[in-house]
Amino acid sequence: MEHEQPPPRAQRRRGRTTALIAAALVLGALAGTVTGYAIQYDREPTPLPPLAQQKLDPPKAQAPNDATTIKSINANRWHKTDDDLTKLLIEAPAGAKSDGNGYDSLDSYATGFDAPGGAFRNLVERGLRRVVRTSWEQGDIHVEVHLLQFRDFKGADEYRGGQSGYLYKEKYAGNGGADIPGVPTESGHLWVYAKTEEKPGYYPLRQARAVARRGDIVMHVFYYDKRGRDIAESDVAEVAKRQWERL
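First residue of the sequence shown? That's 1 in UniProt numbering, and the numbers climb one at a time after it.
Hints may be right or wrong, so weigh each one.
Stated by the list, open to error - Computed list of lysine-lysine pairs in DSSO-like fashion (alpha-carbon distance at most 27 angstroms, straight line):
{"hint": "1", "residue 1": "LYS195", "residue 2": "LYS169"}
{"hint": "2", "residue 1": "LYS154", "residue 2": "LYS226"}
{"hint": "3", "residue 1": "LYS226", "residue 2": "LYS241"}
{"hint": "4", "residue 1": "LYS171", "residue 2": "LYS199"}
To be verified - Using C-beta positions, here's what the derived DEER-type ranges look like:
{"hint": "5", "residue 1": "ASP235", "residue 2": "GLU170", "range": "22 to 32 angstroms"}
{"hint": "6", "residue 1": "ASP66", "residue 2": "LYS195", "range": "31 to 41 angstroms"}
{"hint": "7", "residue 1": "TYR168", "residue 2": "ASP235", "range": "14 to 24 angstroms"}
{"hint": "8", "residue 1": "TYR202", "residue 2": "SER108", "range": "38 to 48 angstroms"}
{"hint": "9", "residue 1": "SER105", "residue 2": "GLU238", "range": "29 to 39 angstroms"}
{"hint": "10", "residue 1": "TYR103", "residue 2": "ALA61", "range": "17 to 27 angstroms"}
{"hint": "11", "residue 1": "ASN122", "residue 2": "ASP84", "range": "39 to 49 angstroms"}
{"hint": "12", "residue 1": "GLU137", "residue 2": "ALA67", "range": "38 to 48 angstroms"}
{"hint": "13", "residue 1": "ASP82", "residue 2": "SER108", "range": "19 to 29 angstroms"}
{"hint": "14", "residue 1": "ASP235", "residue 2": "GLU198", "range": "15 to 25 angstroms"}
{"hint": "15", "residue 1": "PRO58", "residue 2": "TYR168", "range": "21 to 31 angstroms"}
{"hint": "16", "residue 1": "PRO47", "residue 2": "ARG246", "range": "46 to 56 angstroms"}
Since the hints were made in silico from the structure, they are not lab data.
Every residue, glycine too, gets a C-beta built ideally from N, C-alpha and C.
Using the sequences plus the hints, can you model the full thing?
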């Protein structure tokens with residue numbers, strides 16, 4: 001006897017039902033979110049808890065270093081080199097006749113070089129910001145101190161290197177110079193010229209120089225004996241050391 005097969009079960013159509021349930025869930029979540037925002041909107045804002053420390057001390061000012069540029073200095077990194085630059089010039093020694101101090105314009109300063117036009121372009125390219133100078137006379141000794149501030153360490157160091165790079169030549173000091181006490185060798189040096197400069201109609205002139213960089217400032221010391229006599233290296237070093245420490 002053959003058994004009769006049961007009729008096949010019809011397949012459920014799940015697509016439409018699943019879509020309706022998903023849509024209902026989304027609408028329910030959306031309605032809940034809108035309701036939550038509406039409730040929060042009508043409530044008074046909840047005050048924040050008080051800080052544990054009511055008075056916070058601002059961070060201490062940081063001294064600039066070789067990585068500091070004018071752009072990186074802010075209210076918490078203010079430094080005395082951004083104040084009146086003439087305040088960083090040393091005073092004339094007691095009994096000396098001082099010519100005072102003040103600012104030099106870039107073009108005026110460039111006229112002191114053998115090639116003013118080239119010097120002007122060079123100083124602009126290296127980012128010179130400001131120049132100040134002071135000078136005094138004490139007997140036959142005449143001293144000038146220049147401070148040149150650049151926009152960053154790189155420009156200052158390039159200028160220091162450029163000025164130091166030729167002074168050893170015979171036309172100038174004619175020797176390798178000496179260290180300035182307390183100044184790193186790579187940051188500064190001094191030279192006493194080996195020969196006296198003599199020109200018809202002028203007194204003989206002997207000179208010495210010191211060049212050093214600290215931060216974005218280059219100090220340039222010019223030391224002259226207007227009678228052409230020997231200059232003691234220690235006398236030049238004393239002026240240069242005082243100016244370095246003032247920076």
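Each hint, compared with the structure:
At most 27 angstroms may separate the alpha-carbon atoms for a hinted pair to count; LYS195 and LYS169 meet this at roughly 12 angstroms. In summary, the hint linking LYS154 to LYS226 is not supported, as the alpha carbons are separated by about 36 angstroms, beyond the 27 angstroms threshold. Under the criterion of a C-alpha separation no larger than 27 angstroms, the hint pairing LYS226 with LYS241 is consistent with the structure, at around 23 angstroms. Distance hint between LYS171 and LYS199 is fulfilled; the C-alpha atoms sit about 15 angstroms from each other, no more than 27 angstroms.
Take ASP235 and GLU170: their Cβ atoms lie about 24 angstroms apart, and the range 22 to 32 angstroms holds. For ASP66 and LYS195, the hinted distance range of 31 to 41 angstroms is satisfied, since their beta carbons lie about 36 angstroms from each other. Taking the beta carbon of each, TYR168 and ASP235 are about 20 angstroms apart, inside 14 to 24 angstroms as hinted. A hinted range of 38 to 48 angstroms for the beta carbons of TYR202 and SER108 is inconsistent with their spacing of about 24 angstroms.
For SER105 paired with GLU238, a C-beta distance near 30 angstroms keeps the hint of 29 to 39 angstroms intact. The beta-carbon spacing between TYR103 and ALA61, approximately 25 angstroms, falls within the hinted interval of 17 to 27 angstroms. Between ASN122 and ASP84 the CB atoms are about 26 angstroms apart, so this pair departs from the stated range of 39 to 49 angstroms. At about 40 angstroms, the CB distance of GLU137 to ALA67 agrees with the hint of 38 to 48 angstroms.
Hint check: ASP82 to SER108, Cβ distance near 22 angstroms, so the stated range 19 to 29 angstroms holds. In this structure, ASP235 and GLU198 meet the distance hint of 15 to 25 angstroms, their C-beta atoms being roughly 22 angstroms apart. At roughly 48 angstroms, the beta-carbon separation of PRO58 and TYR168 lies outside the given 21 to 31 angstroms, and the hint is violated. Checking the proposed 46 to 56 angstroms range against PRO47 and ARG246 shows it holds: the Cβ atoms sit about 53 angstroms from each other.
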